[in-house]
Amino acid sequence: MRAVTCARFGGPEVLTPADLPVPVPGAGQSLVEVAAAGVNFADTSRISGTYQPTPRLPFVPGTEVVGRTADGRRLLATLFEGGGFAEWAVVDDAAAVEVPTQVSDADALALLVQGLTAWHLLRGSARLSPGETVVVHAAAGGVGSLLVQLARHFGAGRVIATASTPAKRELALSLGADAAVSGEAEDYPVRILAANGGKPVDIVLDAVGGPVFGAALATLGTFGRLVTYGNGSRQPKPPVDLDTLTDRNLAVCGFWLRPALTAPGAFREPLREMVELVTAGRLRPVTGASYPLAQARQAFEDLLARRTIGKITLTPLG
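Numbering (full-length UniProt numbering), first residue to last: 1 to 318.
Bear in mind the hints are in silico, worked out from the structure with no lab data behind them.
Glycine included, each C-beta is placed from N, C-alpha and C at the ideal position.
Any given hint could be a false lead.
[Stated by the list, open to error] Here are the in silico distance ranges between beta carbons for each label pair: (1) LEU242 <-> PRO292: 46 to 52 Å; (2) PRO17 <-> GLU269: 34 to 40 Å; (3) PRO264 <-> LEU20: 34 to 40 Å; (4) GLU81 <-> THR279: 39 to 45 Å; (5) ARG68 <-> PRO130: 38 to 44 Å; (6) GLY49 <-> ARG268: 27 to 33 Å; (7) ARG73 <-> PRO200: 44 to 50 Å; (8) PRO17 <-> PRO200: 49 to 55 Å; (9) ARG248 <-> ALA18: 49 to 55 Å; (10) GLN235 <-> VAL190: 17 to 23 Å; (11) GLU33 <-> ASP247: 53 to 59 Å; (12) GLU269 <-> ALA27: 23 to 29 Å; (13) ARG123 <-> LEU193: 47 to 53 Å; (14) ALA167 <-> GLN52: 29 to 35 Å.
Work out the full structure, taking the sequences as your base and the hints as a guide.
Below, the structure written as structure tokens:
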């Protein structure tokens with residue numbers, strides 16, 4: 001079968017097309033003919049060797065697929081150990097759900113890592129209450145675009161989006177954000193507070209990191225929460241002054257999807273809820289470019305250069 005492998009750590013240049021044997025499923029597993037595989041920012045960390053746990057070389061990247069089994073089931077599945085960038089993949093039955101044909105491959109993949117991340121950020125880490133103001137960083141990205149919509153669906157009183165270009169900010173507004181501003185660290189608090197009528201905000205969901213992290217902390221009101229779930233800037237986050245937290249009863253927490261999914265009801269239930277929302281037209285995943293499997297390197301280059309919007313996918317049959 002055709003696949004993409006990573007035999008050494010580095011940038012997109014380490015992704016290499018290869019011919020590999022079709023994997024064999026074991027007990028509690030299914031063999032899926034991959035229709036599409038999702039590409040996530042975390043995949044760039046996996047191939048660079050900076051992701052924890054560090055994959056063992058060589059490996060086939062790709063942690064989410066949608067495809068069909070030999071008996072005709074259309075499955076959406078996460079692969080914690082990778083293996084999705086291939087024509088065939090073995091998936092654990094416990095980490096897969098059936099999806100209706102009304103939901104496209106790209107839409108379905110957007111709900112997996114990115115959708116589940118958005119759902120758990122709002123429901124679990126941030127503990128959003130109705131009427132609260134939520135700031136979503138990188139709001140045109142795969143997670144951010146879903147956060148904007150789910151925050152509104154879960155009862156946020158105001159949603160403020162940040163994004164790097166006017167086009168991306170317009171996208172965030174079209175998805176339901178009340179305001180959209182530049183996410184640069186310089187004068188960040190001024191823009192956010194102005195977008196909230198001069199008032200502090202309740203929640204900031206940060207996947208950017210670096211100096212933006214510290215700037216975001218300054219915008220929180222009493223009992224505000226800042227949740228960090230990524231470091232797109234790849235710059236160090238500034239230290240947090242504990243006195244700042246206690247003075248305003250602030251909370252700063254981190255989020256990583258993988259351990260979150262070990263809790264009972266953390267995988268199938270929220271995923272099925274989001275599939276139903278998509279089917280009903282109440283949630284619109286933002287889907288971007290689809291690349292043939294052989295162009296995985298280009299997909300990663302575009303993702304790292306921030307040339308992509310929404311969910312990008314690889315198609316083995318392309």
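How the hints compare with the structure:
no., hint, in the structure
1, LEU242 <-> PRO292: 46 to 52 Å, "holds (50 Å)"
2, PRO17 <-> GLU269: 34 to 40 Å, "holds (38 Å)"
3, PRO264 <-> LEU20: 34 to 40 Å, "holds (35 Å)"
4, GLU81 <-> THR279: 39 to 45 Å, "violated (30 Å)"
5, ARG68 <-> PRO130: 38 to 44 Å, "holds (40 Å)"
6, GLY49 <-> ARG268: 27 to 33 Å, "holds (32 Å)"
7, ARG73 <-> PRO200: 44 to 50 Å, "holds (49 Å)"
8, PRO17 <-> PRO200: 49 to 55 Å, "holds (51 Å)"
9, ARG248 <-> ALA18: 49 to 55 Å, "holds (53 Å)"
10, GLN235 <-> VAL190: 17 to 23 Å, "holds (21 Å)"
11, GLU33 <-> ASP247: 53 to 59 Å, "holds (57 Å)"
12, GLU269 <-> ALA27: 23 to 29 Å, "holds (25 Å)"
13, ARG123 <-> LEU193: 47 to 53 Å, "violated (26 Å)"
14, ALA167 <-> GLN52: 29 to 35 Å, "holds (34 Å)"
Checked against the numbered hints above, the structure violates hints 4 and 13; every other hint is satisfied.
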